[in-house]
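Residue numbers for the sequence shown follow numbering that gives the first Met the number 0, beginning at 0 and rising by one.
Fair warning: there could be bad hints in the mix.
Below 27 angstroms or equal to it, Euclidean Cα-Cα: the simulated DSS-like pairs (lysine-lysine) are [claimed, not checked]: (1) K186 with K135; (2) K174 with K160; (3) K181 with K135; (4) K263 with K135.
Rather than coming from a laboratory, the hints here were simulated on the basis of the structure.
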Amino acid sequence: MDTVQQKILEQINFNLQSISLYIEKLSREEIKLDSNKIQLIDYSIYEWLNILENEELKKILEEYNQQSLNDIMNNNFVEYCRKIYLQIEILVNTFIIQKYGYNNIQDNNYTKIRRLQDFFYLVRGGEENFKKSKYKDKEYKTITHIMDIRDIASHTDYNGKSLAERVDLKGKSIKIKLQKLKNNISKEEIQGIFSEFVLYKNGVSIRGRLEEGYAYIQLFNLKDTYFNSQLVINYISTNYSILRHRLGNFEYDLDNDQPLNELKAFFEQQDYQKIKYTMNWFIQEIGNHLN
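Work out the full structure, taking the sequences as your base and the hints as a guide.
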């Protein structure tokens, strides 16, 4: 290779390196531009967080908020929910401490969901009002979905289920219609029977008119062995003679209107804007009820 050819080759290599560096720079600038377009929670707009006594609280919230930016950029919805959960937990605990005292936070029996519900009791005009609309409350559902995603992702599954499968199991519920129940049967008796299918006793919701002999049973937090609704029906059919002594000559069937798996839908939709809207509402309401 003569000198001229070598110089031409060196110039070509130099040009290629320059082009590569330019493309890399453009890529970095594009990422920077996209990150600026992403609207994170703006904690500076809330007056109650701008007072001196809440300065440290605001600083911690903003730190987790900034960390969530990388999760949005990487489209890591699970990690994003973790960061949002941490902000929810801090805000709820701040509310509980100021309203009910620090000792309540130290009580292990005072679970995070009970703390959240106490907040919603106040916001929605009392426990009775909230319970009537609990399953339709958009803000409550969004916040509990975030908490559920975080909890599922934080615990190892020893049965080999993927995260998506565990979300599906956690969010699934089954609705069963009972008719011709025996007279004077109580909700507690029905709950005791149907707790066979769920992980926790409070996973059995009962509606209807027992005095008229019918009820709608909705089962939440299903055991793995009863994930399929037909397995629940098969169990009732197999054990009908035993159950008849407790429920009477009852009739049973899956309700035609089976519940939507809202947690699964939430997980699949990955609606960052919906979460931001809910968080803005939540932060404002916390402030409203601390003043």
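Hint check:
| no. | hint | result |
| --- | --- | --- |
| 1 | K186 with K135 | holds, 23 angstroms |
| 2 | K174 with K160 | holds, 24 angstroms |
| 3 | K181 with K135 | violated, 31 angstroms |
| 4 | K263 with K135 | holds, 17 angstroms |
Hint check: a violation occurs at hint 3 only; the rest are consistent with the structure.
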